[in-house]
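A.B. asks: In the numbering used here, the protein residues as written are -5 to 404.
Mixed in with the good hints there might be a few duds.
As the list claims (entries may be wrong) - The calculated lysine-lysine pairs, modelled on BS3-like cross-linking and capped at a C-alpha distance of 30 Å, are:
1) K56 - K155
2) K155 - K219
3) K75 - K360
4) K139 - K75
Quick caveat, the hints were computed from the structure, so don't treat them as lab data.
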Amino acid sequence: MKHYLPLYALLAFMPLASCSDDEPTVSPLPEKTYTGNESLELRYNQSPMSGKSVAFIQNEEKATLTMGSTVSPGDLSESLKGMPDIPGPGVLPGTPVLSLPVNLKPDGGVYSFSGNGETEYLTYTYEGNVNASKMAFSFNDVTLKNQRLANTVWFPAPAEKNADGTGYKSLPLHIVWECSLPPLLEGFDGTLQDAMTLLVTLPMIPAYGNTAYMSIAQVIENALKTVAFRPDGNAVITYMQSNNGAAQFAQAPLCMIQYVPLDDIMMNLYINPTDLMGQILINGSSHPDLPPNPFGKQSRADYTAPLAAAIQKLAPMLSQGFPLQYSLTPTELQIFFNTETLVPLLKDIVIPMLEDPEIQQMIMEKIAANPSLASHSVLLKALMQVFPRILETTTRMELGFNLAAYPDAG
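Sequences and hints are given; from them, build the entire structure.
C.D. replies: Below is the structure:
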C-alpha cells in the first residue's frame, strides 16, 4: 500500500494546482467590425483617429485585424445619398488597407496584443486590447522613413507687387499656366497665367460686414497661419477659426491631414473626411470682420450632378492619396498639383460644368453682381468659352501654394 501513496498524493495535488493557476480565460470572440466612437478607440501617436474601422477575425491564439475606412457621399449632401460608399484613407498614410496579424493574450477579461511593424513608407509599434464590445488600438512611435519635410514650419508667402507696380514678386498661390493658344482677347496682351493671377488678386470676396472686398490671395494670408510637417506623417494646420461672432487661431485635428514624401519632388496628401466635416461644422458661422467661410456656407445652386461626377473622379485619390509635386529650399516651399494631375481632372470635371447652360448663366449672374468681377466680365466670358481649347493646348500647368519658412521654426 505504501507504494501507492506517492501516486495518491500526486493525484490529489493536480486539482489543487489547477485551481491555483491565475491565468485568466477569455471566450473566443466572434468575427466583428469595430467602428464608431463607442466600439473603437483608435490612436496614432497618442492622437485620436476618427472615421476608421477594424475587422477582427480570431483563430485560436491569433487574430487578423483589417484596418481602413469608407466614406459615404450621402454624408456630404442629402442629394448624394444614392451613391455607393467609396474607400477612404487608411489608418497609416500610404496604406489604404492594413492587414495586421497579432498574437492574443488573455488579460483580465479581454485579449491584449502588442508588437511592431513597418510599411513601405513608415515604421511603428502597436498595442491594444479587445473584447466582444470594444477595441482599443494605439499606433506608437510612428516615424516616416523619408524625413525630408519633417520638423519644418511654413506660412503663406505674402502678396507683394513688383517695385514698378506691375505684376507680383510674391503670392501665396503658386500659379503656372502655359499654353500655345493665341491671345485670349483683343486688347488683352497678357498670358493665361497673367489672367489667372489677375483673378486671384481681384478683391471680389465680401468682408468686414460687406463693407469691403478681399482677394483670394488676401483670404489665404488672413485665414491660414502655419503649416507644420511632423516626423510621424501628420501635417498640422493652424488657421483662423470663426464661430458665433468670435475669431481666433485654432489648430485642425491631428490626423485630419497626413502626408508621405515619395521622393525629393513628389508627395501624397491624405485627408480624413470625418475630421474635415467636423471642422466645417465648427466653422459654420463667420465673424463680421472676416470673409464668409467657404466650407460653412451652403450654396443655393444645384451642384448635385457636377458634384457626383467630381466625387467619382476624385474617389481613387481619397484612399491612394492626392499626388502633389513640391520644391523645397531652406526658405521656401512650393506645393502644387502638376500638369499630369490637373489637366485630366479639369477635362473631366470643369468642362462638363461649363457646357451646362444653367451653370453658365449662374456664373455670369455672379460676375455681374460683383463690382470687381463685372469690370472684367468680357475677359472671364472669353475664358469660359475657350476653356476646352486652352486645356488641349496646355503644355504646363501648376496650381498650389507658395510657402515661406516660419521665423521661429528652428
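A.B. asks: Going straight from one Cα to the other, do K139 and K75 come out at no more than 30 Å?
C.D. replies: 39 Å, violated
A.B. asks: K155 and K219 were given as a pair; does the straight-line alpha-carbon distance stay at or below 30 Å?
C.D. replies: 21 Å, holds
A.B. asks: Checking one constraint from the list: CA of K75 to CA of K360, max 30 Å. Satisfied?
C.D. replies: 29 Å, holds
A.B. asks: Straight-line Cα separation of K56 and K155 no greater than 30 Å?
C.D. replies: 64 Å, violated
Hint compliance for this structure: hints 1, 4 are not met, and every other hint is.
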